[in-house]
Structure formats: C-alpha cells, structure tokens
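Asker: Sequence:
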Amino acid sequence: MSQEFVFIQETAFSVTIQCPNLEPFEIQVSSTELVQEIHHLLMDREDTCHRTCFSLQLDGVTLDNFAELKNIEGLKEGSVIKVVEEPYTVREARIHLRHVRDLIKSLDYNDAYNGLDCHSLSFLYSVTNGDITTDRHSTKNQKSPYIDCTPPSYILPGTKDRPLKPLHPILNDEQSKVPSAIKVLTASCWNPPPGYRKLRGDLIYVYAVTNEDKRLNITGSSRGFYLNQSTEDEFNPLAVSPKTIYHSLTELLNAHSPSFKRHFAQIQRRRHQKHPFERVATPYQVTAWCAPQLEHCIDSIRAEDTFSSKLGYEENIPGQTRDWNEELQTTRELPRKTLPERLLRERAIFKVHSDFVAAATRGAMAVVDGNVMAINPGEETKMQMFIWNSIFFSLGFDVRDHYRDLGGDAAAFAAPLNDLQGVKAYSSVDIEGLYTLGTVVVDYHGYRVTAQSIIPGILEREQEQSVIYGSVDFGLTVMSHPKYLELLSKAAPILKIATHKVLNEKDEEVELCSSVECKGIIGNDGRHYILDLLRTFPPDVNYLELGPDESLCTELQALGYPQEFKHKLCCLRQELVDAFCDSKGNATEIRFNPDVFSKGVRHQKSDLDLLKRERDLVKEAAKFLVITQIEAFIQDSMDHSSAPLDGSMLVESMHSRGINVRYLGRVTTLLSEAKQLEYLYSIALTELVSRAVKHVYCSYIQDVDNMNMGAAISHFLNCYLSSCGSNPNMNHDHAMNGDSAGSIIGASRKLASRRKGRRKRRDAQQNQQNTDWVFTTPKTLWSSILSELKQYYNFTLETTSLAQLIEENRLHKLIFLRSFCIKTGVQVLLQDYNFDSKGRPTFSEDDILNVFPIVKHIDPRASDAYTFYTTGQTKIQSGFLKEGHELICESLNLLNHVFGPMHPTIAQCLRMVARLNYIMGDNADAMAFEQKALMMSEKVNGIDHPRTIIEYTHLALYCFVNGQVTTALKLLYRARYLLLLVCGENHPEMAVLDSNIGLILHAVCEYDLSYRFLRNALRLNIGFFGSKHMKVAINYHLVARTQSCQGDFRGALQNEKETYAIYRQVLGAEHDKTKESGECLKHLTQQAVVLAKKLNEMTQSSANPFMPPVSIQRPSMSSVIEMLNIINGIIFLPD
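Taking the UniProt record's numbering, the leading residue of the sequence shown gets 1, the next gets one more, and so forth.
Because the hints were derived from the structure by calculation, they are not lab data. Built from N, CA and C at the ideal position, the CB exists for glycine as well. Hints should not be assumed to be uniformly reliable.
As the list claims (entries may be wrong) - Below, in silico cross-link-like pairs of lysine-lysine (DSS-like), each with a Cα-Cα straight-line distance of 27 Å or less:
| id | residue 1 | residue 2 |
| --- | --- | --- |
| 1 | K198 | K243 |
| 2 | K506 | K612 |
| 3 | K82 | K70 |
| 4 | K1028 | K1082 |
| 5 | K675 | K1094 |
| 6 | K490 | K501 |
| 7 | K612 | K584 |
| 8 | K790 | K694 |
| 9 | K566 | K694 |
| 10 | K568 | K501 |
| 11 | K274 | K261 |
| 12 | K382 | K813 |
| 13 | K105 | K177 |
| 14 | K483 | K501 |
| 15 | K274 | K177 |
| 16 | K694 | K838 |
| 17 | K623 | K568 |
| 18 | K599 | K790 |
| 19 | K424 | K483 |
| 20 | K274 | K183 |
| 21 | K1094 | K1057 |
| 22 | K856 | K779 |
| 23 | K424 | K856 |
| 24 | K566 | K856 |
| 25 | K568 | K612 |
| 26 | K813 | K790 |
| 27 | K856 | K568 |
| 28 | K605 | K483 |
| 29 | K813 | K165 |
| 30 | K813 | K160 |
| 31 | K501 | K584 |
Said to hold, decoys possible - Across the chosen pairs, the derived CB separations fall in these ranges:
| id | residue 1 | residue 2 | range |
| --- | --- | --- | --- |
| 32 | R45 | T89 | 22 to 32 Å |
| 33 | T89 | T381 | 41 to 51 Å |
| 34 | P340 | M373 | 40 to 50 Å |
| 35 | R336 | D1072 | 54 to 64 Å |
| 36 | T134 | Q266 | 13 to 23 Å |
| 37 | P340 | D1072 | 48 to 58 Å |
| 38 | D1072 | I1121 | 11 to 21 Å |
| 39 | S1119 | N71 | 50 to 60 Å |
| 40 | A265 | K198 | 30 to 40 Å |
Build out the structure end to end from the sequences listed, making use of the hints.
Answerer: This is the structure we're talking about:
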C-alpha cells in the first residue's frame, strides 16, 4: 500500500504556553500546523481570548506566523513558547475592538439567522442537552434508572399536526438568559485623533456605556487602552488620574464595571461549553428559511460595516481592492508535483474561491438593490452592466438581441448556468496554461446576476477586437488559434469533445476543439482565457427543432419528442456523456461535435458522411438519456435502497445519472405508474410544482418596488398556500398625500394595458409604484403554475387547486412552504401557520423577515483526498476493513488540510469513519465521530437537510449501543419530526425510523408506544415491498414480540405466523430463520394456552378475582442491537 499512496507524515507533540498574568499551560500541536493556528487557538481559548495583538517567541526569537511547526528550529516536545504583547497599530486596534465585540455577542444567534459572515445554525446540543461524549451523559453517571421515553404528540404515527416551532429547539428563554455584558461599545465620535495626538501615540477613541450607566471615553494607543477625560460634548484626550494602561480592552472594562467582569466571564464560559464546530464559520453562507422574531439591538460595529465595506465605498480606493482574477489564476499556477505542493495549491484555490463567492454575492445583491452605479448608466436597465470590487456583473436579460434566435430572455436566463457547467468541467480537468474566469451565478429578487472576474485589459478594448479564437456572433464569423487548439485538445479526451471544422464568413474551413461560442482571449497578463462555455457539452436534440432532413427515432417520437422549449440552449449533462461512453465500451474513442445542430454554424462540405455520423451520435445520446437512463432510474428506485427524502435529493440523484431537470415531468409520469413508488411520485410532484412556482414568482417579484416587497411576497404566498383569498396591503409612505389603496389600484388598472409587455424598473428614486402584483389571485396564480408545468416540463396536472393536489397525494402545505422558501431565498417567521382558515389569510407582511440570494458556483475538489476516499471504499467492499479505515482516515486528514475544519465533504467522510468504527466494534469512537458529522451537516447543509436527518438516525443507533437510551430516543424523535416536515409520513425512511423507535421503546418496556411505531412501520413496508418481503417478515416478528409482551398472545401468534410463512417461502423450511420463527410460534402457542387456562380458572373461582402476572422476558441488549443492525442495513463482515 505504501507504493500506492504517500501518507502525510504528521507527528503530534505538546508545547507549553507562557502567557502574561496566567499560569503556564500545555497545548497539543501537530508538526504540519502553522504558527498562525496557535495564534487562533489562543484567541479562542477561554482564558486568553481577549488578546489579539501579540507575537509568539521561542528562546527569544519571534516565530513567523506562516511557518510550519516542523520547520522551526529547536521546537520540540516540551518547548516553552512565550506570548509577548506587541504595540498596537490603527489596524490592530480596530481588529481588537471588533474581536471584543464578537466575544460579547458570541452567544447570539442573530448573525446565523441574518445570514451574515458565514455563521449558521446547529441545534444538536439543544436536542441532546450538551456533548454526548462527556461523562455527564455516560450510563455510569446517571443517578436514576428512569428513562424518559415520551415522544412529542406531534410526531406520533398518523398525527395530522405539523407545528413549525420545534424546528428551532432553542429553549425559549435561552436568548433572553444571555447576560448583557455592556450597553454600548463603539468607536467614539471624536475619531480620528487629531495630528498632535497621533504624535503622542493615540490610534483610536472608544466610547462605552456600562450596565452601571458609567460613560467611559477610552483612548486606544500603541501601548494599550486607558480612560481619557473627554465627554460627549468636550474633547479632552488627557488620561484620568491615576493613568493605568491595559493591553486589552476587556481588562480595562473588567476594572471599571463589576457587571461586565461577571457577565463577560459567564458568556465566555458558555461559549466554551459549545462544540468548537458551533463556533466555526462555514466556507459558504448557509441561510435559514424560517427564523424567530429577533430583537434588533444597537451594534455599532455592524452599523459601521454596513456603511463602509458592505456598500462598496472603499472598493474604489486604490490599494484597498483585491484583484480577484489575479488571485484566482495565481493560485492555479502554484506547483503541484508532490502531495504537500498539491495540498497547498488546493487550499489556496479553495480559500480564494470561497472569498470570491462571498464578495460576488455581496456585489450581486448591491447591484439588484440599486447600490452600484452602472458602467453604461444611459442604457435600459436590463442592458446595464456593473463593476464592483474588481468583479464584472451582468443581468440575465437578452442584451442587444444577442440571443434573439435562441429564445431571447429565456435563453439569456439559462445561459449563465450552462456557462457555469462549462467552467466547472474545464476547472476540474485543470489543464496547465488554460484559464477560466471566476464565475458565480446569483438569483435575487427574481433577477439572475452573473458575477465574473475581469480579464486584464478587456475593458480597454471591444470584445470583438480581443477574441482570437471562437465566434462572437454564434458562428457567422469564426477564428482559430494554434495555441488554443493545443490547450483545448488536451482537455478534449476527458470532456469527449471532437476536433471539427466549420466555415467562416469567407467560406474558409476553421478548425475548432470546442463549440463556436467558446471564446479565447489573451489577457494583458499573457494568459490564455476561455469564456462563454455555455455549449461545452452536446446539444439535447429532444428539445430542439430539427431540420426537414432530420428526425428522431420512432421510440422518441412516440413519447412526444422533440418537444418545444422556451430556449434552444438545452445541452446534455457531463454525467450523461460519461455514462453513454461507458455503455459503449469504447469510451476513449467517442467524441462529440457540440456544433452539429447549431443554427448559424456552417459545416465543412468535404465530409458530409462525418457530419451525419456526428449528428447520429448526438441523437443516440439523447435516446440513451430517455430510454436507458430514465428507465434505469425508475427501475433502481424500486428497491428503495437510496430513496431521496425531498426534491433536492431527487434532483441530485437524477443529475448523477445525467438526467436534466427538464425531464422531471417525464420522470414524474413514469413514477405515477408504479404503485410502490407512490412516495417518490409525491416527492417528484412537490418538486415539479415548487419549481414551476419559482419560475412564476421570479417574473412576479422583479418589478415590485422595495417599499412593497414584504406585502407582495406575503400576498403571493397567500394566493399559493392560504385557504382564504388575500387582500394585499400596500405601503404608501412615499405616495402623494390623499392617495389611497383604492385610487392607486384604480389608476394602475388604467395603466395596465399601456404597461403590458414593457419591462419596468424598480427605481426608488422615481417613486413610481408598480402595482401589477396586487391583481394576482389564487385562481390566476394556479393557472400560471399549470401553464408553466406544461411549457417547461411537458407535464399536465388535472387538479384545480393546490389544496386538491395535497389531499389527493397525502401531502402537507408546510412541505410546499419549505420548498418555496429554499428555492427563492425568502425567510419567513418561525411560527405555527394556520393554512386552513377560511376567514383570515395565512401570511401577513410581518411574517416575511428577509430575502436571501440563491448562489451557484463551482466546488473546488481535494483531488488526493478523493483518491484516498474512493480507494478506501474499494478496500472496504473487498472486506479489508482495517486498510479501508486507514485510507479513509487519511482522506479526512487531507480534507482538513484543503478545506479547513468545516465542509460538506468532511461531514460525509466523518460519517464514513463513524460507520467503520461501529462495524469494527469501536462504539465510543463511532459516537464521537458521528456527533461531529451531524453537527457539521447542520452547519454546512442546513438543520433540516435530508443528509442531516440521516445523520440523526445514525447517531441515535451509536448512542443506544453506548447505553444512552434517552439520548437515542430524542435523536430519533427529532429525525422523525424533520422527516415529517420534509416529505411527510409515507416514506421508506419513515419505516426504518419507526422500526428503530419501536425497537428501543420495546427494549425499555414501553410496549404500548412501541406497538404504535412498529405497527406503522409494518403498514408502510407492506406498501413499499409487498406482503411477502423479508423486511415485512421482520416487521411482523417485531410486532408479534411487542404484542406478546402486552399479553396479546392471539395477536402475536397471528403476526408470527405471517413471519414464518414468509421465511418458509423465501428461505425454505430448513433455514435457521424459519426454524427460529417456528420455535417462537411454539412458545407463543404455549403462552396463549397458559393464559387461557388462567382466565378459565378466574371465571370458575370467585376467590381470586385478580389476574396473575404473565411471565414476560425482557429482551436482551444484544438481541435488540442485532435487530437494529438488521433494520439499518449494517452487515458485519467476518474477521
């Protein structure tokens, strides 16, 4: 194995930290860590967190922050590292003030709910009441044997109640219990220090109001912080007497406010009771689709951010902006020959990329909100382009009729995502010398904004002059370039692109190795850039108008293909191309010409046979998609082994097979024909409707002015989900005096015809209110949804309303609300909504809390970690658990090197390590790793994401095996609640959950409750697998066991007979399981006879009217665990 892989040589050792005013303490470090990581650790540690401006010294030598510990001379086990307080600069003083603010606010959920600074939510500790790996949770430390098993009423099988509040299980008073350390802490109005004070070391002035109502004016100087004699009205920078300088602001506040000292210590103590993962920011922003009403408190740092960095004033100051393109391309040029080099390169690529995504998102929101000046302000809104923070922004509209022949605005809206797929493909191929642009696509308030890094020099000349490869007019004029052909031909074998010839405007043959739209531009930095990669992959002829000489095969024609579509940019997915080539066996030889069906592109006349073969190949791939891949997807769904929990997982599953979302209508139709896939049909139907609603909502919300945004969104939701018609309330704060809702609506009716067909702009400066949205009714909205379903997905829905659809498919409106909010970025108030009231609309304007952007971007990969992980999986499948475990642990190590502590892939890897530990018998480690996996999934995927639900189920199993029964049940109850919220009761995963809950309740003798859950699991599994399946046999057996414990031997006998019959039919009479069931039948028969005798004796003898207890044997722990392993599909491999 050492020949195959190079493991990172990493050693752990202890060093002693010597800090001013503290006893020396030891910390564990790793040889591959940077000095900077010790800095971060000290700034996070409870007793040293108040320090920011310090250096670390070893034997009097200051350590370089970016040095790896293994490269530091003399650093070894037991070395003493000294923390030395350093003089402040203005920058360091500002960082210190912000850090103190962050420490004071560290228990707040506000930033996570408001989607700020990559904070996100995690509620695991609220569910489990803290860290489950601590002694407090261990069975040895449980003072009473009592186990609380009571499930909340709203998760019981068959309940119709779906409250929303339990989704966020923060103790209601937890937020109000957060102690307030200080009333005000802000930069003073006396800033900046005048010149003569700067010469005496003044850097910043801070103003504070303590809980005791003391007003403190503080000077931040190069030596530290001290009180000055200024007041709110008078500037007096002299120090108060006696002058005491504190190196940290918290030390000064501790000395002058007993309340601050007490509460700040409490806050830090509670902060450190949280898991480190709860305190770590995520790489990309994760937002919550619902939130409680949060108190809006004074926060000067937030206010300062809003009016400086966040609005881009500083973006125009020379030296302040980041050259995103240079950073993105420089990181790709880093060396990559050895493993350490690759790790460093991938870490740098990932860090710059996540920073770029954050900046691009901020810029896109500023563009849509009207806070960025266009570079072409004189043009119509939809044609405007913007530059902000060295990023170029364009809107998803058809500028200058560029896409006129391809579908106009619909094509312009689809093109950015196609382009992003192309960028993703070329980035993953990673050809040295070939560069793509940093690209982020942001959907916000109905607008699609594309953010791209800027090619050096591109703005100084027209694009037409810059392009030296490809076409700027969809094939009328075409150019080629030998260097581009050389670079693109290196990527061609992997992307399956054929080198082909097209004719230019002079009828000359031009050789290309990409689609004609792909443009090559050499930047002023000498790099070869490619852009406009929207047709990297072959066209999807099932959605193209073919010429008179072309037709699809009869099978596809019978299914209604080719279908009309809104635009002509439909392409096959890369996964489909790969699957098609694999199915052919000669994958290396198959190449696609992406231009074969492009109108406007003229092909070489010299080889018409080749052109026909290329066209036939594209048609064959389109047939493969519909006839093979979609059919295989339906067939593979029949065993329910990886059943998607919601629409997002369904789409992910389709994408992995190369099936585009536009085929969701076809998939849903096929699902409706399979009775046992009824649950998947419901999920597909929900996703179809939700996507159609999103399309309708985008055009609805685009022209609503900011003042009426909340009212318009709540009106839309009422028309969509409420049982009561909605009367929209408009805001008229800026309307002329005397205007009423009636007059505005009346006036807008007169204007409606004149406005129709013309795109209006939301322009706050003009105070023109667009009121078309108020005319939307439940009927017109449903009609638009049905029309969109037919046009986009070729799916016909026969229902007259959403209520009818929900009733027919046993769904719940909360599922549709969640899906709508996640797809559109709308955040609603966390409360229990009444969808059934006929007299009052469900939503009011106050229920709409926020709108977040939906951001799409590429995901840089950790290539070596991926190799380790996949090889580890192969080893495990071959039975080599130990070697597989070793490889996957190394993969986890590499992932941490590349992505830092928090990433969806790391959560997946942690889950795998936990499962392996469990299979290998290391239950404590399994629980510890799974707790991390679950907490990370909550943070990076979302608290109600399908993957998070699966993690809850896994952790419950490991908790039970470790003797934490109450915790296991709490986790399973949480998982069941989330599953009800996401997809409802009818799902194979619900049967697994109910079997788990029933088994554990049975183990702790809660037989009546156990019976309810097990009976439901049996009912569900009969529906999914039929009445003669092994899973159903197990369910019958579990129900029988519970009934026998309840004393219902007749019922138990009946159910065990069903088990015996299935085992006998499937396994044969001589199988151990069949014999075991036969013995169980005998035992139950005896028990039934004994019970009958006792009942007879009771009726005959009046002496003893009391029923004697029936002997019930409590199931052993090992038998329960064995049954849990069977239910959860864990197969133990022999040693």
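Asker: It remains to establish, for every hint, whether it holds in the given structure.
Answerer: Taking the hints in turn, this is what the structure says about them:
1. K198 <-> K243: holds, 18 Å
2. K506 <-> K612: Judged against 27 Å, a Cα distance of about 24 Å means the pair holds.
3. K82 <-> K70: With a Cα-Cα distance of about 18 Å, the restraint between K82 and K70 holds, given a limit of 27 Å.
4. K1028 <-> K1082: holds, 22 Å
5. K675 <-> K1094: violated, 47 Å
6. K490 <-> K501: holds, 17 Å
7. K612 <-> K584: Roughly 19 Å between the alpha carbons, so the hint for K612 and K584 holds.
8. K790 <-> K694: Holds, at about 15 Å.
9. K566 <-> K694: holds, 16 Å
10. K568 <-> K501: holds, 22 Å
11. K274 <-> K261: holds, 21 Å
12. K382 <-> K813: violated, 35 Å
13. K105 <-> K177: holds, 13 Å
14. K483 <-> K501: holds, 16 Å
15. K274 <-> K177: Roughly 16 Å between the alpha carbons, so the hint for K274 and K177 holds.
16. K694 <-> K838: Holds, at roughly 25 Å.
17. K623 <-> K568: holds, 18 Å
18. K599 <-> K790: holds, 26 Å
19. K424 <-> K483: holds, 22 Å
20. K274 <-> K183: holds, 24 Å
21. K1094 <-> K1057: holds, 24 Å
22. K856 <-> K779: Violated - the C-alpha atoms of K779 and K856 are around 33 Å apart, more than 27 Å.
23. K424 <-> K856: holds, 11 Å
24. K566 <-> K856: Roughly 22 Å separates the two Cα atoms, so the pair holds.
25. K568 <-> K612: holds, 21 Å
26. K813 <-> K790: Between K813 and K790 the Cα gap is close to 22 Å, so the pair holds against 27 Å.
27. K856 <-> K568: holds, 22 Å
28. K605 <-> K483: Given pair K605, K483 holds - Cα atoms ~26 Å apart, limit 27 Å.
29. K813 <-> K165: Answer holds: K813 to K165 is near 15 Å, not above 27 Å.
30. K813 <-> K160: holds, 12 Å
31. K501 <-> K584: OK: K501 and K584 at ~25 Å, within 27 Å.
32. R45 <-> T89: 22 to 32 Å: holds, 24 Å
33. T89 <-> T381: 41 to 51 Å: Holds: the Cβ-Cβ distance is about 44 Å, inside 41 to 51 Å.
34. P340 <-> M373: 40 to 50 Å: Since the Cβ atoms of P340 and M373 sit about 45 Å apart, the hinted range of 40 to 50 Å holds.
35. R336 <-> D1072: 54 to 64 Å: 55 Å Cβ-Cβ, so the 54 to 64 Å window holds.
36. T134 <-> Q266: 13 to 23 Å: holds, 20 Å
37. P340 <-> D1072: 48 to 58 Å: holds, 53 Å
38. D1072 <-> I1121: 11 to 21 Å: Taking Cβ atoms as reference, D1072 and I1121 lie about 19 Å apart, which means the hint holds.
39. S1119 <-> N71: 50 to 60 Å: holds, 56 Å
40. A265 <-> K198: 30 to 40 Å: holds, 35 Å
In terms of the numbered hints stated before, the structure departs from hints 5, 12, 22, listed from lowest to highest.
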